[in-house]
Amino acid sequence: MDLKKIELVFEKFSQSNPTPKIELNYTNHFTLLTALILSARATDVSVNRITKELFSIADTPERMLILGQNELRKRINSIGLCNSKTKNIVKLSKILVEQYNSKVPTNFEDLLSLPGVGRKSANVFLNSVLGIPTLAVDTHVFRVSNRIGLVKEKDAFKTEQSLLDLIPRKYLFYAHRWLVLHGRYTCRAQKPLCRACIIHDLCEFEGKKV
670 MDLKKIELVF EKFSQSNPTP KIELNYTNHF TLLTALILSA RATDVSVNRI
720 TKELFSIADT PERMLILGQN ELRKRINSIG LCNSKTKNIV KLSKILVEQY
770 NSKVPTNFED LLSLPGVGRK SANVFLNSVL GIPTLAVDTH VFRVSNRIGL
820 VKEKDAFKTE QSLLDLIPRK YLFYAHRWLV LHGRYTCRAQ KPLCRACIIH
870 DLCEFEGKKV
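Going letter by letter, the sequence shown gives residues 670 to 879 in the numbering used here.
Since the hints were made in silico from the structure, they are not lab data.
Among the hints, a few may not be true.
[Unchecked claim] Subject to a maximum C-alpha distance of 25 Å in a straight line, what follows is the list of computed BS3-like cross-link-like pairs (lysine-lysine): (1) Lys823 to Lys763; (2) Lys860 to Lys839; (3) Lys878 to Lys821; (4) Lys823 to Lys674; (5) Lys772 to Lys760; (6) Lys760 to Lys743; (7) Lys721 to Lys772; (8) Lys681 to Lys721; (9) Lys673 to Lys821; (10) Lys878 to Lys681; (11) Lys878 to Lys721; (12) Lys756 to Lys878; (13) Lys823 to Lys772; (14) Lys673 to Lys877; (15) Lys827 to Lys673; (16) Lys877 to Lys743; (17) Lys721 to Lys756; (18) Lys721 to Lys839; (19) Lys743 to Lys721; (20) Lys860 to Lys821; (21) Lys860 to Lys763; (22) Lys827 to Lys839; (23) Lys878 to Lys690; (24) Lys878 to Lys743; (25) Lys674 to Lys772; (26) Lys673 to Lys823; (27) Lys821 to Lys877; (28) Lys743 to Lys823; (29) Lys681 to Lys860; (30) Lys673 to Lys878; (31) Lys760 to Lys721; (32) Lys721 to Lys877; (33) Lys681 to Lys821; (34) Lys877 to Lys860; (35) Lys756 to Lys772; (36) Lys860 to Lys878; (37) Lys690 to Lys763.
These figures come from a predicted structure and were not determined experimentally.
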(Lines of atoms letter the chains of each structure in order from A; the text may use other names.)
(Lines give C-alpha, C1' and ligand atoms only; values in the text may rest on other atoms or scores of the structure.)
Protein backbone atom coordinates (compact mmCIF):
# COMPACT_ATOMS: atom_id res chain seq x y z
CA MET A 670 0.00 0.00 0.00
CA ASP A 671 1.44 3.39 -0.95
CA LEU A 672 1.82 6.24 1.51
CA LYS A 673 -1.15 8.18 0.15
CA LYS A 674 -3.50 5.23 0.72
CA ILE A 675 -2.05 4.64 4.18
CA GLU A 676 -2.80 8.25 5.09
CA LEU A 677 -6.35 7.87 3.77
CA VAL A 678 -6.86 4.73 5.88
CA PHE A 679 -6.01 6.57 9.08
CA GLU A 680 -7.89 9.66 8.00
CA LYS A 681 -11.03 7.51 7.75
CA PHE A 682 -10.34 5.91 11.13
CA SER A 683 -9.91 9.39 12.62
CA GLN A 684 -13.13 10.69 11.12
CA SER A 685 -15.07 7.66 12.34
CA ASN A 686 -13.65 7.61 15.90
CA PRO A 687 -11.49 10.67 16.69
CA THR A 688 -10.40 9.69 20.21
CA PRO A 689 -10.66 5.92 20.72
CA LYS A 690 -10.14 4.52 24.21
CA ILE A 691 -8.57 1.24 25.25
CA GLU A 692 -11.20 -1.19 26.51
CA LEU A 693 -9.37 -2.47 29.58
CA ASN A 694 -10.65 -0.96 32.83
CA TYR A 695 -8.08 0.44 35.24
CA THR A 696 -7.78 3.05 37.99
CA ASN A 697 -4.05 3.80 38.17
CA HIS A 698 -0.70 2.87 36.65
CA PHE A 699 -0.41 -0.35 38.63
CA THR A 700 -3.88 -1.61 37.75
CA LEU A 701 -3.30 -0.81 34.07
CA LEU A 702 -0.08 -2.81 34.00
CA THR A 703 -1.75 -5.66 35.88
CA ALA A 704 -4.68 -5.66 33.45
CA LEU A 705 -2.26 -5.73 30.51
CA ILE A 706 -0.49 -8.77 31.95
CA LEU A 707 -3.83 -10.48 32.48
CA SER A 708 -4.92 -9.69 28.91
CA ALA A 709 -2.38 -12.01 27.28
CA ARG A 710 -4.41 -14.65 25.41
CA ALA A 711 -7.59 -13.33 27.02
CA THR A 712 -10.28 -10.92 25.92
CA ASP A 713 -10.64 -7.48 27.46
CA VAL A 714 -14.17 -8.45 28.46
CA SER A 715 -12.96 -11.45 30.46
CA VAL A 716 -10.19 -9.39 32.09
CA ASN A 717 -12.57 -6.59 33.05
CA ARG A 718 -14.92 -9.14 34.57
CA ILE A 719 -12.31 -10.36 37.07
CA THR A 720 -10.53 -7.05 37.72
CA LYS A 721 -13.70 -5.29 38.83
CA GLU A 722 -13.53 -7.12 42.15
CA LEU A 723 -9.77 -7.70 42.18
CA PHE A 724 -8.90 -4.01 41.91
CA SER A 725 -11.35 -3.11 44.65
CA ILE A 726 -9.12 -4.95 47.12
CA ALA A 727 -5.70 -4.98 45.42
CA ASP A 728 -5.06 -1.78 43.48
CA THR A 729 -1.49 -1.19 44.66
CA PRO A 730 1.61 -3.41 44.77
CA GLU A 731 1.42 -3.56 48.57
CA ARG A 732 -2.20 -4.66 48.56
CA MET A 733 -1.48 -7.25 45.88
CA LEU A 734 1.27 -8.73 48.06
CA ILE A 735 -1.09 -8.79 51.03
CA LEU A 736 -3.67 -10.61 48.90
CA GLY A 737 -1.02 -13.21 48.13
CA GLN A 738 -0.39 -15.70 45.37
CA ASN A 739 -2.96 -18.32 46.34
CA GLU A 740 -5.83 -15.87 46.70
CA LEU A 741 -4.87 -14.06 43.50
CA ARG A 742 -4.87 -17.34 41.58
CA LYS A 743 -8.39 -18.10 42.81
CA ARG A 744 -9.60 -14.72 41.58
CA ILE A 745 -8.13 -14.97 38.08
CA ASN A 746 -8.51 -18.69 37.39
CA SER A 747 -11.22 -18.09 34.79
CA ILE A 748 -8.71 -16.74 32.26
CA GLY A 749 -5.90 -18.51 30.43
CA LEU A 750 -2.37 -18.89 31.77
CA CYS A 751 -3.57 -18.04 35.27
CA ASN A 752 -0.67 -19.82 36.99
CA SER A 753 2.07 -17.93 35.17
CA LYS A 754 0.13 -14.66 35.36
CA THR A 755 -0.30 -15.08 39.11
CA LYS A 756 3.42 -15.63 39.63
CA ASN A 757 4.35 -12.70 37.40
CA ILE A 758 1.96 -10.25 39.08
CA VAL A 759 3.19 -11.18 42.55
CA LYS A 760 6.86 -10.96 41.47
CA LEU A 761 6.18 -7.65 39.73
CA SER A 762 4.49 -6.26 42.83
CA LYS A 763 7.47 -7.23 44.98
CA ILE A 764 9.91 -5.60 42.56
CA LEU A 765 7.87 -2.39 42.42
CA VAL A 766 7.80 -2.15 46.21
CA GLU A 767 11.49 -2.96 46.69
CA GLN A 768 13.06 -1.20 43.70
CA TYR A 769 10.68 1.49 42.46
CA ASN A 770 9.09 2.92 45.62
CA SER A 771 5.83 1.16 44.68
CA LYS A 772 5.58 3.11 41.42
CA VAL A 773 5.47 1.67 37.91
CA PRO A 774 8.53 2.81 35.94
CA THR A 775 7.92 4.92 32.85
CA ASN A 776 11.05 3.86 31.00
CA PHE A 777 10.57 1.31 28.20
CA GLU A 778 13.58 -0.83 29.15
CA ASP A 779 12.62 -0.85 32.83
CA LEU A 780 9.09 -1.93 31.92
CA LEU A 781 10.43 -4.77 29.76
CA SER A 782 12.52 -6.01 32.69
CA LEU A 783 9.39 -6.61 34.79
CA PRO A 784 7.89 -10.14 34.95
CA GLY A 785 5.14 -10.69 32.40
CA VAL A 786 5.68 -7.41 30.55
CA GLY A 787 6.52 -7.59 26.85
CA ARG A 788 6.80 -5.00 24.08
CA LYS A 789 3.05 -4.85 23.52
CA SER A 790 2.21 -4.21 27.17
CA ALA A 791 5.02 -1.69 27.59
CA ASN A 792 3.94 0.22 24.49
CA VAL A 793 0.27 0.30 25.50
CA PHE A 794 1.23 1.45 28.99
CA LEU A 795 3.42 4.32 27.76
CA ASN A 796 0.82 5.35 25.20
CA SER A 797 -2.01 5.34 27.73
CA VAL A 798 -0.37 6.99 30.74
CA LEU A 799 2.28 9.25 29.18
CA GLY A 800 0.72 10.01 25.82
CA ILE A 801 3.74 8.68 23.94
CA PRO A 802 2.91 7.77 20.31
CA THR A 803 3.99 4.14 20.54
CA LEU A 804 2.74 1.33 18.30
CA ALA A 805 1.84 -1.81 20.22
CA VAL A 806 1.37 -4.88 18.02
CA ASP A 807 -1.03 -7.52 19.30
CA THR A 808 -2.84 -10.21 17.31
CA HIS A 809 -5.41 -7.72 16.01
CA VAL A 810 -2.85 -5.13 14.89
CA PHE A 811 -0.67 -7.81 13.28
CA ARG A 812 -3.58 -9.39 11.42
CA VAL A 813 -5.22 -6.18 10.24
CA SER A 814 -2.08 -4.33 9.17
CA ASN A 815 -0.82 -7.30 7.16
CA ARG A 816 -4.23 -8.30 5.80
CA ILE A 817 -5.28 -4.91 4.45
CA GLY A 818 -1.83 -4.21 3.02
CA LEU A 819 -0.37 -1.58 5.33
CA VAL A 820 2.69 -3.83 5.68
CA LYS A 821 3.81 -7.29 4.65
CA GLU A 822 5.78 -8.66 7.57
CA LYS A 823 6.23 -12.07 9.20
CA ASP A 824 6.44 -11.13 12.87
CA ALA A 825 5.19 -8.59 15.39
CA PHE A 826 8.47 -6.72 15.85
CA LYS A 827 9.00 -6.11 12.13
CA THR A 828 5.34 -5.10 11.83
CA GLU A 829 5.81 -2.58 14.64
CA GLN A 830 8.93 -1.07 13.07
CA SER A 831 7.36 -0.85 9.61
CA LEU A 832 4.18 0.78 10.92
CA LEU A 833 6.21 3.33 12.89
CA ASP A 834 7.96 4.28 9.65
CA LEU A 835 4.82 4.41 7.50
CA ILE A 836 2.00 5.87 9.62
CA PRO A 837 1.82 9.69 9.46
CA ARG A 838 2.97 11.20 12.74
CA LYS A 839 -0.33 13.02 13.30
CA TYR A 840 -2.17 9.68 13.43
CA LEU A 841 0.39 7.65 15.37
CA PHE A 842 -0.92 8.24 18.90
CA TYR A 843 -4.27 6.54 18.20
CA ALA A 844 -3.06 4.12 15.48
CA HIS A 845 -2.81 1.09 17.78
CA ARG A 846 -6.30 1.66 19.18
CA TRP A 847 -7.88 2.12 15.74
CA LEU A 848 -6.28 -1.06 14.43
CA VAL A 849 -7.25 -3.06 17.53
CA LEU A 850 -10.88 -1.94 17.40
CA HIS A 851 -11.04 -2.51 13.65
CA GLY A 852 -9.69 -6.03 14.10
CA ARG A 853 -11.95 -6.76 17.05
CA TYR A 854 -15.25 -5.63 15.56
CA THR A 855 -14.90 -5.44 11.76
CA CYS A 856 -11.79 -7.07 10.30
CA ARG A 857 -12.24 -10.18 12.41
CA ALA A 858 -10.01 -13.24 12.12
CA GLN A 859 -12.95 -15.32 10.94
CA LYS A 860 -15.64 -13.89 8.66
CA PRO A 861 -14.49 -10.26 8.44
CA LEU A 862 -17.36 -7.82 7.97
CA CYS A 863 -16.11 -6.38 4.69
CA ARG A 864 -19.44 -4.82 3.71
CA ALA A 865 -19.47 -2.81 6.94
CA CYS A 866 -15.83 -1.75 6.63
CA ILE A 867 -15.13 1.98 6.35
CA ILE A 868 -11.88 1.34 4.48
CA HIS A 869 -13.06 -1.41 2.11
CA ASP A 870 -12.23 0.76 -0.91
CA LEU A 871 -8.62 1.07 0.26
CA CYS A 872 -8.14 -2.47 1.56
CA GLU A 873 -5.85 -4.75 -0.47
CA PHE A 874 -7.06 -8.02 1.07
CA GLU A 875 -7.53 -10.47 -1.79
CA GLY A 876 -10.32 -12.28 0.04
CA LYS A 877 -12.48 -9.24 0.82
CA LYS A 878 -16.18 -9.50 0.02
CA VAL A 879 -17.99 -6.25 -0.71
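Verification of the supplied hints:
1. Lys823 to Lys763: 36 Å, violated
2. Lys860 to Lys839: 31 Å, violated
3. Lys878 to Lys821: 21 Å, holds
4. Lys823 to Lys674: 22 Å, holds
5. Lys772 to Lys760: Status holds; Cα separation ~14 Å.
6. Lys760 to Lys743: Holds - the C-alpha atoms of Lys743 and Lys760 are around 17 Å apart, at most 25 Å.
7. Lys721 to Lys772: 21 Å, holds
8. Lys681 to Lys721: Given pair Lys681, Lys721 is violated - Cα atoms ~34 Å apart, limit 25 Å.
9. Lys673 to Lys821: With Cα atoms ~17 Å apart, Lys673 and Lys821 stay inside 25 Å; holds.
10. Lys878 to Lys681: This hinted pair holds, its Cα atoms lying about 19 Å apart.
11. Lys878 to Lys721: At roughly 39 Å apart (the allowed maximum being 25 Å), Lys721 and Lys878 break the hint.
12. Lys756 to Lys878: 45 Å, violated
13. Lys823 to Lys772: Given that 25 Å is the threshold and the Cα spacing comes to 36 Å, the pair is violated.
14. Lys673 to Lys877: 21 Å, holds
15. Lys827 to Lys673: 21 Å, holds
16. Lys877 to Lys743: 43 Å, violated
17. Lys721 to Lys756: Holds: Lys721 and Lys756 sit about 20 Å apart, inside 25 Å.
18. Lys721 to Lys839: Roughly 34 Å separates the two Cα atoms, so the pair is violated.
19. Lys743 to Lys721: 14 Å, holds
20. Lys860 to Lys821: 21 Å, holds
21. Lys860 to Lys763: Outside the cut-off at roughly 44 Å; violated.
22. Lys827 to Lys839: 21 Å, holds
23. Lys878 to Lys690: 29 Å, violated
24. Lys878 to Lys743: Cα-Cα ~44 Å, so violated.
25. Lys674 to Lys772: Not satisfied, since the Cα-Cα distance of roughly 42 Å exceeds 25 Å.
26. Lys673 to Lys823: 23 Å, holds
27. Lys821 to Lys877: Cα-Cα ~17 Å, so holds.
28. Lys743 to Lys823: 37 Å, violated
29. Lys681 to Lys860: Answer holds: Lys681 to Lys860 is near 22 Å, not above 25 Å.
30. Lys673 to Lys878: Holds, at about 23 Å.
31. Lys760 to Lys721: It holds: about 21 Å lies between the C-alpha atoms, which stays within 25 Å.
32. Lys721 to Lys877: Outside the cut-off at roughly 38 Å; violated.
33. Lys681 to Lys821: Distance of about 21 Å is within 25 Å: holds.
34. Lys877 to Lys860: 10 Å, holds
35. Lys756 to Lys772: Between Lys756 and Lys772 the Cα gap is close to 19 Å, so the pair holds against 25 Å.
36. Lys860 to Lys878: Holds, because 10 Å separates the two Cα atoms, which is no more than 25 Å.
37. Lys690 to Lys763: 30 Å, violated
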